[in-house]
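Residue numbers (numbering that gives the first Met the number 0), protein chains in the order written: chain C, 0 to 265; chain W, 0 to 265; chain X, 0 to 265; chain P, 0 to 265.
Errors might be hidden in some of the hints.
Where chains are identical, the list cannot tell them apart; a pair therefore holds if satisfied intra-copy or between any two copies.
Computed list of lysine-lysine pairs in BS3-like fashion (alpha-carbon distance at most 30 angstroms, straight line) [unchecked claim]:
hint: 1; residue 1: K234; residue 2: K186
hint: 2; residue 1: K160; residue 2: K234
hint: 3; residue 1: K158; residue 2: K234
hint: 4; residue 1: K160; residue 2: K23
hint: 5; residue 1: K23; residue 2: K186
hint: 6; residue 1: K153; residue 2: K234
hint: 7; residue 1: K234; residue 2: K144
The hints are simulated quantities; they were obtained by calculation from the structure and are not laboratory data. Quantities reported herein were computed from a predicted structural model and do not represent experimental measurements.
Number of protein chains: 4
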Amino acid sequence: MLISNDNFLTSEGDLVELISPSRKVYIFQLATSGQLQTHRGIINHNELIGQPWGSEVFSHTGSPFFLLQPTLADILQELPRCTQIMYPKDIGFILITMGIGPGSRVIEAGTGSGGFTTGLAWSVGSSGCITTYEIRPDVINLARKNVERVGLGKRVVFKVKDIIDGFDENHVDAIFLDLPNAYDYTKQVRQSLKPGGYFGCILPTVNQVTRLLSALHTNNFRVVDVCEILLRYYKPNQDRLRPTDRMVAHTGYLIFGRRIINSKTD
Amino acid sequence: MLISNDNFLTSEGDLVELISPSRKVYIFQLATSGQLQTHRGIINHNELIGQPWGSEVFSHTGSPFFLLQPTLADILQELPRCTQIMYPKDIGFILITMGIGPGSRVIEAGTGSGGFTTGLAWSVGSSGCITTYEIRPDVINLARKNVERVGLGKRVVFKVKDIIDGFDENHVDAIFLDLPNAYDYTKQVRQSLKPGGYFGCILPTVNQVTRLLSALHTNNFRVVDVCEILLRYYKPNQDRLRPTDRMVAHTGYLIFGRRIINSKTD
Amino acid sequence: MLISNDNFLTSEGDLVELISPSRKVYIFQLATSGQLQTHRGIINHNELIGQPWGSEVFSHTGSPFFLLQPTLADILQELPRCTQIMYPKDIGFILITMGIGPGSRVIEAGTGSGGFTTGLAWSVGSSGCITTYEIRPDVINLARKNVERVGLGKRVVFKVKDIIDGFDENHVDAIFLDLPNAYDYTKQVRQSLKPGGYFGCILPTVNQVTRLLSALHTNNFRVVDVCEILLRYYKPNQDRLRPTDRMVAHTGYLIFGRRIINSKTD
Amino acid sequence: MLISNDNFLTSEGDLVELISPSRKVYIFQLATSGQLQTHRGIINHNELIGQPWGSEVFSHTGSPFFLLQPTLADILQELPRCTQIMYPKDIGFILITMGIGPGSRVIEAGTGSGGFTTGLAWSVGSSGCITTYEIRPDVINLARKNVERVGLGKRVVFKVKDIIDGFDENHVDAIFLDLPNAYDYTKQVRQSLKPGGYFGCILPTVNQVTRLLSALHTNNFRVVDVCEILLRYYKPNQDRLRPTDRMVAHTGYLIFGRRIINSKTD
């Protein structure tokens, strides 16, 4: 589970994370007979089970690794994927901006590899609920596996369905679209979003953004924002502190808006 | 409350948000006899109570406003403050990175105006717990008011105390310092953080960052990251889409690390 | 003149720059009877004439100022203007990218307040030549004054003319358009630019950029680049080094391309 | 030569640039018997000599290339190098900020691979002069070759010498240091820079910047600026305009200051 762990020692079945000195990350579930093969040597799960979290452990060649409980951001970055996935920098800002937290009821489309689905399920807690739509059956299967692996399966309803005919839910708190043609679905979003509720979207190109802005205006979304988030890492050396040489320059533009009701038509 | 509201109509006591066409935001609690004075005219709370969320409402001079339920980000940006406060762009990323969500037990110091305290309390849900330390009694009183105003007071323990002698709690999931001399407290952080737990900090200057990196190394924190987040807004005009002219260039450097245990000393 | 000054002492007629401790900049020509009035007191030009460059001088109230020879970047930032002007960060990159330097023959349209015209005239030296087009007579008069004030008037030909009918010059090394509808003139650019020559443009919105890209493609421009430059200043305090709080987030997108010739049509 | 070429056709001895559709750049001098080998096929120089600039030419396998005159920025990016070199984004801003143009007399140290030396020599024209210092003889030989290849050798004096004992020149317009320990030479800079003249420097780490700020203050440099320049490219597709996925996040911090004279000591 991604939820706080009260044990000091790892147990079989725990999702663990090993981090090498060069920051290569391995995330996997502990199984008595399991074995992790790395280019720095082999580690038997048996040697990890019962160790304290936060320990330094070693491969058969003596290479050191840190044994840690993975956090949401760690898991998202190492997610098995078949599609482009969303980055923690964007997910964190989206959740805060759209007010998605414990107890929220949220619709997402499309599911993709389930990265953002995982983030949503984690943040809404056990009292919240996520419904996610995807038209590609093979893709949604990977997403389901990814969500279940971290113990959040109960919070998510997966639907293989084209949203052109609308969503099955009503009056949800927030709807997020990660679809290239998001502008085709703003009417459907409007029908299922509670009055005043938050719409959000991520789109890679400016051409998509301008089309979405037009569709949002037509469907009476207001308080519209467009923004982008840049994350810049530094080499954490106290004597030679400096930004890394290269960075991710673009993941997508974030677009937000709120459903405003019109007394004549709503 | 900041939690999803199942009613379609506003009630007395609700925390509401009015947004003007030029995006001026007013956040306040509805009271039968209340009155909001803006430079675009007066609005009596009575005229807002019982209205549907998402409505367009009007001042006595006919100026329009949108009536919305404020989200966490809205509240943080309009927070009554007596100190520099943290921005949603940083808060979202910190929560995701440090794995702070429903059920987390977290320590924060210093409390300041309570912006990040509010974000923490919101994200950990009713099963989580935040303890926040601050040495200035007047400052913590404002923070308490800010947290209670949004109905999250039960999740937070406020302590007026110098952390040089350590924190009262043990084995918490995460500790965040928003203190200029954070480097003086890494030993105390180590004592109260669970093995493998996450440390985080925000600091404005590079000089503070290099000192903190040194202190973290000495106290056996590893998997250390330093980064910064830039948020850039666009003018959301479909025919003239472009970034805004000016932006916030710096709020602070974010520093993260994890407590690693050493079999000899821990 | 903007050209290197061999005298150590200022003379009447020199263009000088006074910089206050808070970095307020005053640029003006020394005249025996002249007087500069600042909110930090009055300075008579007489007291400045004959002083060494690089001196500290004082107003009648005792406020200090540095007496310096202004550089191109200083002049551009203090330019008397009636239009949006280009920034040194963009000008420097444009000159380098388009290969504009001593001896270059360049066309510019529109002239605007003459900021970039000044930069072009400065960079091409006495052996280069700039022709600049502008349709607003009042605007070009200010530009002419700005260019002449810094002694670069001989290098620039000012033309009040609509470029829809084409430029008068042929086979120039480079053409730069600072016009909102630059996409309407790519054919004219093609006719006056030498084969392989460099086209450049600055545009504020993404909508303009996509239209220009289309026009450039149609008119056989290739090796096309679109980019933007962000300049971030730091507070230069050795003990508290940090970025400034706010920055310019956007001046314009820069678009470059080269005229490729087609054996069938050119 | 990097100077504007009045011929429409290439000649033997010309420095030419071939650019492939995927934007691979080849810069070389035309020689009758020369041959360029690319992974897209072979091109004999003979087939290029006498072709119009701006032509499309083809390899023996039919791959197309554009035949162009390289600009300064093109040359800098393809410079044969044995050290880290400076980027056009930084060079353009440095020249503009420091007022380096036709006629300037400038000192540079260290020379490195001669990239910035080339930029300086190009910008000062035939009436300017550059002196460049470097302590590694092998390094300066490559720099000399790089500068001479583009026909700018006459404008540059190369010196293999440690600047701890000072520069040989006096009263130069500007001095630029590209040295890791630039803070050790501010006194020497002061001695050779004309009063009011411009000092500039590029440094990769914040630790170096804070040390330099201290040294500049001690040696009476004022009007000090620290900044950094970020260049972000877009994929120039009119229907899918978006930033590139990754970008250069850091080349170096730029530091500028002006020599102020003190009537008591200078």
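Hints violated by the structure (listed by number, smallest first): Hint check: 2, 3, 4, 6, 7 fail, others pass.
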